[in-house]
Amino acid sequence: MSQHLHDPTQHEKLDPAVLRDDTTFAAGRIAFFQYVIVSVFLFVLSGFWNLQVQENEIYTEAADRNRIKSTPMLAARGKILDREGRVIVDNHSSFSVILSRENLKEEHLPAIAAGLNLDLEDLVARLRRWKSVPKYRAIVIKEEMTPAEIAFVESHNDPDTFPELELAHVQHRLYPKDNLLAHVIGYVGEVTENELDLPDFAKYNQGDVIGKAGIERQYNDILMGTDGERQSVVDSKGNEREVIGYKDAIPGRSLQLTIDLDLQIVAEMTLEGRKGAVVALDVRTGEVLAMVSRPAYDPNKFAGRIRRKDWDEIVLNPDKPMFNRAIQSNFSPGSTFKPLVALAGLEAGVIDDKTTFQCSGGIQFYGRYFRCHARNGHGTVNLQRAMAQSCDVYFYNAANLMGIDKIYEYGEQLGLGKETGIDLPFEGKGLMPSSKWKARTLRQKWMGGDTVNVGIGQGYVNVTPIQLAVMIGGIANAGIWSRPHLVKDPNKREVHKLSVDPANVGSVVYGMYGVVNLGGTGGVARLPGIDVCGKTGTAQLYGYDVRARGSVVAKDLRDNAWFVGFAPRTNPEIVVAALFENGEHGNLAGPMVRDVMKVYFDKKARNVQRVPTLAMAPLGQKGFAVN
Amino acid sequence: MASYRTLRDLDWALLLLSLFICGLGILQIFSATQGTKWHNAWWKQVAWVVLGLLLMWLISSIDYHTLLGQVPVLYAGIVVLLLLTFVIGTKVFGARRWIALPGGVLLQVSEFAKIVIVLMVARFLTELKTDVLHWRDLLKLIGLVGLPMLLVMKQPDLGTSLTYLPILATGIFLAGLRWQYALILGIVVAVLIPSSWFLLKDYQKSRIETFLDPSRDPKGEGYQVIQSKIAIGNGGMWGKGVTQGTQTRLQFLPVPHTDFIFSAFAEEHGFVGVVVVLGLYFLLLMQIVQNAQTSPDRAGMYICMGICALLLFHMLVNVGMVVGRMPVTGIPLPFMSSGGSGMLSVFMMLGLVHNVRLRRFVN
Numbered sequence: 086m087s088q089h090l091h092d093p094t095q096h097e098k099l100d101p102a103v104l105r106d107d108t109t110f111a112a113g114r115i116a117f118f119q120y121v122i123v124s125v126f127l128f129v130l131s132g133f134w135n136l137q138v139q140e141n142e143i144y145t146e147a148a149d150r151n152r153i154k155s156t157p158m159l160a161a162r163g164k165i166l167d168r169e170g171r172v173i174v175d176n177h178s179s180f181s182v183i184l185s186r187e188n189l190k191e192e193h194l195p196a197i198a199a200g201l202n203l204d205l206e207d208l209v210a211r212l213r214r215w216k217s218v219p220k221y222r223a224i225v226i227k228e229e230m231t232p233a234e235i236a237f238v239e240s241h242n243d244p245d246t247f248p249e250l251e252l253a254h255v256q257h258r259l260y261p262k263d264n265l266l267a268h269v270i271g272y273v274g275e276v277t278e279n280e281l282d283l284p285d286f287a288k289y290n291q292g293d294v295i296g297k298a299g300i301e302r303q304y305n306d307i308l309m310g311t312d313g314e315r316q317s318v319v320d321s322k323g324n325e326r327e328v329i330g331y332k333d334a335i336p337g338r339s340l341q342l343t344i345d346l347d348l349q350i351v352a353e354m355t356l357e358g359r360k361g362a363v364v365a366l367d368v369r370t371g372e373v374l375a376m377v378s379r380p381a382y383d384p385n386k387f388a389g390r391i392r393r394k395d396w397d398e399i400v401l402n403p404d405k406p407m408f409n410r411a412i413q414s415n416f417s418p419g420s421t422f423k424p425l426v427a428l429a430g431l432e433a434g435v436i437d438d439k440t441t442f443q444c445s446g447g448i449q450f451y452g453r454y455f456r457c458h459a460r461n462g463h464g465t466v467n468l469q470r471a472m473a474q475s476c477d478v479y480f481y482n483a484a485n486l487m488g489i490d491k492i493y494e495y496g497e498q499l500g501l502g503k504e505t506g507i508d509l510p511f512e513g514k515g516l517m518p519s520s521k522w523k524a525r526t527l528r529q530k531w532m533g534g535d536t537v538n539v540g541i542g543q544g545y546v547n548v549t550p551i552q553l554a555v556m557i558g559g560i561a562n563a564g565i566w567s568r569p570h571l572v573k574d575p576n577k578r579e580v581h582k583l584s585v586d587p588a589n590v591g592s593v594v595y596g597m598y599g600v601v602n603l604g605g606t607g608g609v610a611r612l613p614g615i616d617v618c619g620k621t622g623t624a625q626l627y628g629y630d631v632r633a634r635g636s637v638v639a640k641d642l643r644d645n646a647w648f649v650g651f652a653p654r655t656n657p658e659i660v661v662a663a664l665f666e667n668g669e670h671g672n673l674a675g676p677m678v679r680d681v682m683k684v685y686f687d688k689k690a691r692n693v694q695r696v697p698t699l700a701m702a703p704l705g706q707k708g709f710a711v712n
Numbered sequence: 010m011a012s013y014r015t016l017r018d019l020d021w022a023l024l025l026l027s028l029f030i031c032g033l034g035i036l037q038i039f040s041a042t043q044g045t046k047w048h049n050a051w052w053k054q055v056a057w058v059v060l061g062l063l064l065m066w067l068i069s070s071i072d073y074h075t076l077l078g079q080v081p082v083l084y085a086g087i088v089v090l091l092l093l094t095f096v097i098g099t100k101v102f103g104a105r106r107w108i109a110l111p112g113g114v115l116l117q118v119s120e121f122a123k124i125v126i127v128l129m130v131a132r133f134l135t136e137l138k139t140d141v142l143h144w145r146d147l148l149k150l151i152g153l154v155g156l157p158m159l160l161v162m163k164q165p166d167l168g169t170s171l172t173y174l175p176i177l178a179t180g181i182f183l184a185g186l187r188w189q190y191a192l193i194l195g196i197v198v199a200v201l202i203p204s205s206w207f208l209l210k211d212y213q214k215s216r217i218e219t220f221l222d223p224s225r226d227p228k229g230e231g232y233q234v235i236q237s238k239i240a241i242g243n244g245g246m247w248g249k250g251v252t253q254g255t256q257t258r259l260q261f262l263p264v265p266h267t268d269f270i271f272s273a274f275a276e277e278h279g280f281v282g283v284v285v286v287l288g289l290y291f292l293l294l295m296q297i298v299q300n301a302q303t304s305p306d307r308a309g310m311y312i313c314m315g316i317c318a319l320l321l322f323h324m325l326v327n328v329g330m331v332v333g334r335m336p337v338t339g340i341p342l343p344f345m346s347s348g349g350s351g352m353l354s355v356f357m358m359l360g361l362v363h364n365v366r367l368r369r370f371v372n
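Protein chains in written order, with my numbering: chain A, 86 to 712; chain B, 10 to 372.
I should point out that these hints are in silico values taken from the structure, not numbers from a laboratory. We treat Cβ as the ideally placed atom computed from N, Cα and C, and that holds for glycine. Check the hints yourself; a few may be wrong.
[What the hints assert, rightly or not] For each label pair, taking beta carbons as the anchor points, the in silico distance ranges come out as: (1) Val197/B x Glu191/A: 39 to 45 angstroms; (2) Pro244/A x Val200/B: 43 to 49 angstroms; (3) Asp282/A x Val198/B: 57 to 63 angstroms.
Using the sequences and the hints, build the whole thing.
Here it is in structure tokens:
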């Protein structure tokens with residue numbers, strides 16, 4: 086140590102500082118200081134050890150999340166075509182705006198909502214619902230953007246303003262105008278939180294657009310594509326630096342329906358302004374050629390995000406436009422049930438072609454008087470005349486003779502009382518009563534009077550229009566019927582066979598031929614040159630007795646009009662069932678069936694694919710293009 | 010009197026260590042600023058290092074005793090300059106810390122004040138007649154350091170003003186602080202710190218709050234620390250490689266060439282690189298301590314230890330900050346962070362250390 090060698094006189098020169106030369110006094114404290122240095126380094130180093138070695142994976146992941154942005158590439162849904170390949174549902178290009186939640190600044194939301202004409206509260210609520218979803222998944226906040234909104238996004242999504250906004254080019258659902266086929270097609274919508282909790286929906290992700298009703302729902306797996314993804318590296322400003330992953334979107338597959346647009350359009354026209362349903366089936370295959378339910382709704386309103394007002398308008402409408410009457414409404418079949426009673430009676434042997442009953446306007450059974458719709462009676466009626474004139478007394482007798490369980494046996498085998506199995510969701514079951522059924526559900530004994538009522542399609546029996554079409558088609562086709570279906574696919578065919586005597590079928594069919602062609606109640610359905618067979622039905626919502634008292638019957642309590650017809654008489658091809666709610670009498674439903682059949686046979690005769698000009702004109706004006 | 014003091018007598022270990030760290034710093038600045046508006050910061054840094062070496066040589070060639078003799082002048086000068094900063098200072102980000110020199114150079118007076126404070130503390134403690142500090146002297150010294158501290162704090166620049174404290178604290182500690190005094194000082198500080206909370210500016214408060222809980226505001230104050238920690242953690246054991254750090258290159262890391270240069274380094278060079286550089290800093294500080302131990306007199310010892318304490322504090326606060334163990338203060342990392350005033354003052358301080366070393370064999 087040099088300080089002891091040093092000459093003290095030297096300090097005096099360094100005035101004013103009087104310096105002393107020993108540093109040994111602080112040696113211990115300097116050593117202490119060295120330990121401080123060591124501990125500072127260890128303290129700092131332990132921080133690096135912790136971040137870089139112990140928790141390296143967490144931070145590597147965080148760095149990747151920082152820099153890797155994945156942009157969804159939305160897949161287009163498949164088209165829906167009619168049986169001839171004409172497009173029913175297509176997609177159209179539109180822009181959606183995507184909100185990236187990683188870059189989101191809460192304070193931007195009011196300005197964004199204002200620029201995009203969104204409800205701020207709605208937007209905030211939506212973001213809250215997405216809280217549990219990983220942040221790197223972006224949300225579509227507005228679809229079907231107007232040019233002004235697109236311009237807003239393009240001019241504001243720079244790094245300094247709203248980097249969280251991004252435009253996405255998407256394919257959007259375009260449904261036909263004028264509610265055409267609304268109930269069959271259904272609509273799509275974003276999967277809801279509640280749905281995601283259900284096991285059937287587990288395969289979907291938050292934000293997926295899925296079919297909510299009709300074909301869109303039933304065949305969602307086919308129609309829905311697989312969204313693609315684009316992964317890119319971005320910097321802290323959100324600028325893209327490089328694309329590192331690219332997964333193409335796989336569009337959904339197209340679906341060809343059995344629907345014939347020409348028939349469909351005419352069927353829709355026949356129900357214009359009415360409440361009811363029309364179903365046309367190909368008797369041979371079960372293919373649904375047309376299916377209408379009115380009133381209807383515009384599925385296009387659901388294609389984007391449905392507005393509250395539109396939704397309320399649809400849901401609160403007392404006529405229930407969302408309800409697919411063709412497969413969901415359960416009504417008494419009325420006289421359209423008589424062919425089944427006739428067939429069952431013939432098979433049971435309680436009646437034959439020559440059996441006659443006396444109709445004097447009504448008949449007494451089990452201490453109760455059952456009226457015929459003809460006050461003065463039909464006189465002596467055989468089967469053919471009973472069918473043609475829809476004589477109630479004849480069928481009261483027939484039903485009473487064979488008993489309910491015989492009717493049930495045939496009705497059940499012709500598809501009543503259970504779903505037909507059509508490929509649409511939420512099909513109704515109708516009701517085909519039996520003595521067992523009544524004991525089981527009502528815990529009451531089946532009464533003879535119950536059977537008498539069922540004999541004319543009143544009482545407990547209920548059918549959906551599609552069930553009625555299936556049943557009549559099955560009778561016309563000698564007990565063979567196929568499960569009705571909407572998608573053109575031979576594998577969809579499921580044949581049911583009921584063994585019946587062809588002679589008995591012939592008798593019933595002849596009766597139905599008479600309804601239309603031999604001065605029966607369904608004369609309006611006659612088509613020149615074509616053997617149309619059919620049956621009218623007037624299903625009472627109130628019994629004859631209420632009516633007899635002369636009460637004023639409110640419009641929506643008036644009888645439902647039914648008509649079901651098939652053609653040709655031998656080797657039938659098409660069966661059409663029409664329900665005209667509150668339509669008073671079956672012969673008002675007759676023209677609906679006739680018009681649909683006319684298109685079918687006109688097309689067949691001309692072998693052209695276009696609708697006859699007569700039927701086409703009014704709809705063409707409304708703007709639905711049929712290619 | 011200079012004939013026997015040659016370049017050969019410089020503390021070469023100290024010089025090489027400092028230059029080596031500077032070199033790594035320049036490399037890191039180059040890597041972190043590629044493709045940004047600071048892309049030429051690296052060669053500016055080279056220029057600052059060269060200028061710093063010149064100043065270092067200049068300082069080391071003037072006997073530190075002569076410098077100590079000029080302390081009153083230097084002290085008065087620096088106080089005047091600090092006051093002047095309030096008047097003619099250039100305002101950047103709301104703080105007047107810089108005096109503009111011709112040629113577009115911004116001079117941060119508070120950085121050079123460090124050197125004066127080191128010298129002032131050294132002279133004050135050397136002139137004491139006793140081996141133990143008395144209240145009078147202690148308060149006088151606190152007042153002398155407190156004045157420039159207060160001025161810098163008002164700029165406002167809390168970070169830099171705090172760097173004067175370790176010089177003072179180390180000086181007092183080495184001069185011999187009675188444990189009773191230490192206790193009383195401790196109590197005073199313990200009382201002052203919570204009450205000073207009310208004197209802090211809002212941004213200073215929020216920095217401390219954010220330090221205590223960075224996730225409080227992940228996009229604002231806490232953002233820097235979170236991104237810095239991600240960058241460091243992302244580096245892992247071996248690092249991502251030069252110019253390969255995504256946090257740095259994609260600008261998630263704020264100011265990766267100045268205050269957060271060490272996180273950029275840690276991302277690209279990993280834990281191994283961190284150990285190496287921290288090791289270099291450790292050796293450098295130990296080398297300065299060694300110079301204190303071999304100092305010919307108390308003044309030299311106080312100078313070296315003051316500088317050592319200052320550098321240690323810088324390192325602790327900056328590296329502690331990037332690793333999330335210290336609040337964000339904006340104190341640069343000596344030798345590595347890009348910036349002129351800091352680099353010059355650090356080399357001038359090294360000049361003082363060399364100065365002491367050159368004069369250890371006095372006869």
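Each hint tested on the structure:
For the pair valine 197/B and glutamate 191/A, the supplied restraint of 39 to 45 angstroms holds, since their beta-carbon distance comes to about 43 angstroms. Distance hint for proline 244/A and valine 200/B: a CB-CB separation of about 47 angstroms, consistent with the stated range 43 to 49 angstroms. Checking the proposed 57 to 63 angstroms range against aspartate 282/A and valine 198/B shows it holds: the Cβ atoms sit about 58 angstroms from each other.
Of the hints listed earlier, there is not a single one the structure fails to meet.
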